[in-house]
Amino acid sequence: MARIKAPVVITANDLLTGEVVYLDLAHRWSPELSAAKVFDVIDVAEGELAAMFSEADVVGAYLAEVSTESPVIPRHYRESFRHKGPSNYFHGKQAAKDAEVAA
Amino acid sequence: MYSYQEFDRAFVRARVDQYRDQVKRRLEGSLTEDEFKPLRLMNGVYLQLHAYMLRVAIPYGTLSSCQMRQLAYIADKWDKGYGHFTTRQNIQFNWPRLVDTPDILDALADVDMHAIQTSGNTIRNVTTDQFAGAALDEVVDPRPYAELIRQWSTDHPEFQFLPRKFKIAITGAAEDRAVIRAHDIGLQLVDYEGRIGFKVFVGGGLGRTPIIGQELVDRLPAEDLLPYLEAVLSVYNLAGRRDNKYKARIKITVGAMGIDKFRARVGETFQRLRGAFNGQDLAVLGDIQKSFAPPHYVEKSQESYFDALDDDIGFRKWVERNVSPHKHPTYASVTISLKGHGDTPGDASSDQMRAIADLSERLAHDELRVSHEQNIVLPHVAQADLPAIFRALKSIGLATANVGLISDIIACPGMDYCALATARSIPIAQDIALRYASREAEIGHMQIKISGCINACGHHHLGHVGILGLDKAGVENYQITLGGSAGNDAAIGQKMGRGFNVDELMPALDRLVDAYLALRLHEGEIFAETVKRLGTVSFQEALYVIDQAA
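Chains A and B, in that order, give the protein sequences. Per our numbering, residue 1 is the first one in the first sequence, and the count goes up by one each step. Per our numbering, residue 104 is the first one in the second sequence, and the count goes up by one each step.
There could be a bad hint or two in this list.
[Said to hold, decoys possible] With a straight-line cut-off of 27 Å between C-alpha atoms, the simulated DSSO-like cross-links for lysine-lysine are:
#1 K270/B to K393/B
#2 K84/A to K140/B
#3 K84/A to K127/B
#4 K270/B to K180/B
#5 K127/B to K183/B
#6 K575/B to K5/A
#7 K348/B to K268/B
#8 K93/A to K183/B
#9 K575/B to K84/A
#10 K268/B to K302/B
#11 K93/A to K180/B
#12 K93/A to K140/B
#13 K180/B to K84/A
Calculated from the structure, these hints are not laboratory results.
With the sequences and hints as input, model every part of the structure.
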């Protein structure tokens, strides 16, 4: 498997709800990719990931590659689907975004 | 239908209480995820891409209307108002919160249901013919044996940590509608000159190493079923590999050992174990069989049925596609297609579930089935009631007359939900169904099966046309196989060549369909027969015509 390349974010699933979350600049878990802390150096990201091995609030934290653009977007389609939600129903994060637009 | 006894109820409630405590300890932090994961999986709770997923067992695909209503209630209260029926005759809820899962399991226990052994390296839900107890071609009703196996395998102390998961399917009909030879053990009930017995197949399975099961024994007396199954599982438990999960299924064990040696070891073990079964299993079977008595058939005037056949072309087409012959001459079995054009295969909304439950209670002897093709079945319907059922289904968008057609697609959840998937399945199925909606009657019987990864939950190997979604250098890519079959002539499809990107896939399928229509001898020759007659070369050329032109 090819070694992951920076820039990356740290992502996981929320323990209580299973929702996709991202580690943000304040070292909290955010549901928004736009709030994620972007690591430009892979060793730093891996170090941070290792430090949260026993993180209690989330499950299965790992590094995900993102673009260098701003706002960042996932580089792999799997992460895009996690970021947006499923394509058959607006039940994932896209539902929350729709609600925001409607409000 | 089998009804829970006090023992069953106490057992299921105890498991819910145990699980509730495990969730509490996880949320308090006294269990790590590594410690908790196998415990939640033993209760059917997975963590998928966007959320947790709860897989609920529907034993051999059989439901009452009350149970279906409870599934609708769960969908509304703790999920997003729908459920997904699977190829293993189960239902999955895609959005439960972990903290709610103990309450959901309690709600299931209220109607004698559970999620035990829907995951993990144990014996999973036993599956069978969706028309069991009703089919015209049935020799013996397999459901009592399926229930016996369920009781024997549930929490069986020796088989909770097998080398890998273990799937058993059973049929009692001439036509195999349970895909028995694609299971770890496949059981076929046979009437041997007045004596009921089993033909036993072993080592079937799909996934990354697809294999059609081999015959292990013929004429196994029905009374020897449990000791023989216990012998097979015991041999596998000891000889199966635990060092490599990709080589841990029984198909690999049988392949490595050879069927003759495996059969001999099972035979030795069976002789040793047989004495330990003192007849209690047969007494239990006798009680179970009483629960599966046929319904009290009602004779009704069929005039309105024949009138509707004459007058209503939509009804007539629906009967031709979705209604199957019943062992009672004035009854039929109805398949409710969960494959409306553009819909997600296998999904039903809570409103649809309740409407189906009402129909079942009112007009179908309170029985429902889930088919491995991800449709719902009313097994016992008086033909006189078919027009009323058609009208009711039409009013809730479930009267699509497409069973067995190109839009009646098996599709796994794929990368829209599944954490293991390498590509999406659902939008591909939706696109195909919409694309061919106006041509599907002309195309005729064609089974398309789509999997979003090599694990093959969508049975793509067995499709007349199989589609496997893969990740090719960061792009979704779809491989096509042809020549598969899920019936009595079970066969693994052959891979045709390089995969297609999403924008190439539909044009490739167009070329495939057009080639079939041009090559078939007559309208009655179905796609699978044309492929069998001609081989795959002509179709391969149609698929890759652009490659050749380049």
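Checklist entry - Can the restraint linking K575/B and K5/A be considered satisfied, given a maximum Cα separation of 27 Å? => result holds, 18 Å
Item to check | Hint consistency between K270/B and K393/B [alpha-carbon to alpha-carbon, up to 27 Å] | outcome: Satisfied, since the Cα-Cα distance of roughly 26 Å is no more than 27 Å.
Next on the checklist: Hinted pair, alpha-carbon criterion (27 Å max): K575/B, K84/A. Please report holds or violated.
Outcome noted: holds, 21 Å
Checklist entry - Would the pair K268/B and K302/B pass a check requiring their Cα atoms to be no farther apart than 27 Å? => result holds, 22 Å
Next on the checklist: Holds or violated: K180/B and K84/A, Cα atoms, limit 27 Å.
Outcome noted: Satisfied, since the Cα-Cα distance of roughly 24 Å is no more than 27 Å.
Item to check | Restraint status (C-alpha distance of K348/B to K268/B at most 27 Å) | outcome: holds, 10 Å
Checklist entry - Does the structure keep K270/B and K180/B at a Cα separation of 27 Å or less? => result With Cα atoms ~31 Å apart, K270/B and K180/B exceed 27 Å; violated.
Checklist entry - Does K183/B lie within 27 Å of K93/A when you go C-alpha to C-alpha? => result holds, 13 Å
Checklist entry - CA of K127/B to CA of K183/B, is that 27 Å or under? => result holds, 24 Å
Next on the checklist: Next pair to validate is K84/A with K127/B; report whether the Cα-Cα distance is within 27 Å.
Outcome noted: violated, 30 Å
Item to check | Restraint check for K84/A with K140/B, where alpha carbons must lie at most 27 Å apart | outcome: Satisfied, since the Cα-Cα distance of roughly 26 Å is no more than 27 Å.
Item to check | 27 Å Cα cutoff - pair K93/A, K140/B | outcome: Holds: K93/A and K140/B sit about 25 Å apart, inside 27 Å.
Going down the numbered hints, you'll see the structure goes against 3, 4, while the others check out.
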